[in-house]
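J.: Now for the letters of each chain:
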Amino acid sequence: GQQLNQSPQSMFIQEGEDVSMNCTSSSIFNTWLWYKQDPGEGPVLLIALYKAGELTSNGRLTAQFGITRKDSFLNISASIPSDVGIYFCAGRGTSYDKVIFGPGTSLSVIP
Amino acid sequence: NAGVTQTPKFRILKIGQSMTLQCTQDMNHNYMYWYRQDPGMGLKLIYYSVGAGITDKGEVPNGYNVSRSTTEDFPLRLELAAPSQTSVYFCASSYAGEAKNIQYFGAGTRLSVL
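Each protein sequence line maps, in turn, to chains A and B. Each residue of the first sequence is one higher than the last, beginning at 1 in the working numbering. Each residue of the second sequence is one higher than the last, beginning at 1001 in the working numbering.
Derived lysine-lysine pairs resembling PhoX-like cross-links, with alpha carbons at most 25 Å apart:
1) B:Lys-1044 - B:Lys-1014
2) A:Lys-70 - A:Lys-98
3) A:Lys-98 - B:Lys-1057
4) B:Lys-1044 - A:Lys-70
5) A:Lys-51 - A:Lys-98
6) A:Lys-70 - A:Lys-51
7) B:Lys-1044 - A:Lys-98
8) B:Lys-1009 - B:Lys-1044
9) B:Lys-1009 - B:Lys-1057
Just the calculated beta-carbon pair ranges, DEER-fashion:
10) A:Pro-8 - B:Lys-1044: 16 to 26 Å
11) B:Lys-1057 - A:Gly-16: 38 to 48 Å
12) A:Ala-78 - B:Thr-1070: 40 to 50 Å
13) A:Pro-81 - B:Arg-1077: 37 to 47 Å
14) A:Ser-108 - B:Asp-1038: 16 to 26 Å
15) B:Gly-1016 - A:Ala-78: 47 to 57 Å
16) B:Asp-1038 - A:Asp-38: 12 to 22 Å
17) B:Asp-1056 - A:Ser-27: 16 to 26 Å
18) B:Ala-1082 - A:Gly-16: 40 to 50 Å
19) B:Gly-1051 - A:Ser-108: 34 to 44 Å
20) A:Val-44 - B:Thr-1070: 18 to 28 Å
21) B:Gln-1022 - A:Glu-15: 31 to 41 Å
22) A:Val-44 - B:Val-1050: 22 to 32 Å
These are computed hints drawn from the structure, not numbers from a lab. Cβ atoms here follow ideal geometry from the backbone N, Cα and C, with glycine treated the same way.
Turn these sequences into a full structure, and let the hints steer you where they fit.
T.: As structure tokens, this is what we get:
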């Protein structure tokens, strides 16, 4: 079946550093989604991407839909302590397909 | 602004007990989903529903049952709890039929089976 891989699995960074993480798939997707899960909470959507090559920002977060449609990238600039959490990528074919979630990247920010 | 509401937030069960995890949404979404999240793992789909009266199995349905009698509610039933069902359970909903079809998640139910 379809699988998503996320790297890195976990990150420990200093406050103020930039962060990059990526997500790769064995299949082509038409939609890429990035969610963040705070400790003890459910995932919350950060950014949604709908076209190959699309680059979308949400505050300090920027995500890109890879041109091969098999990958996506998330960057966080000038990290702050509240960026701590697990970041999930997710992909979907058509709008009626089930969403496939990656295993997550755990981010820790050292003040 | 309730969104997706899950109850209870925490529960401890003994092996063999049964329970129902409740999920309700007030966004008039047609699709609803149940996921489980094990430590260090992503979200695995248990069951989903595309509308009232229609349910289908996801990736890990064994040991669970669902029903969807109304658009708003999508309860998940554990009949004979097993330690392997210790997990965090998330309910989500979305509106399929629009291009975006974004899933919105509840806060989760943390279940321990001892």
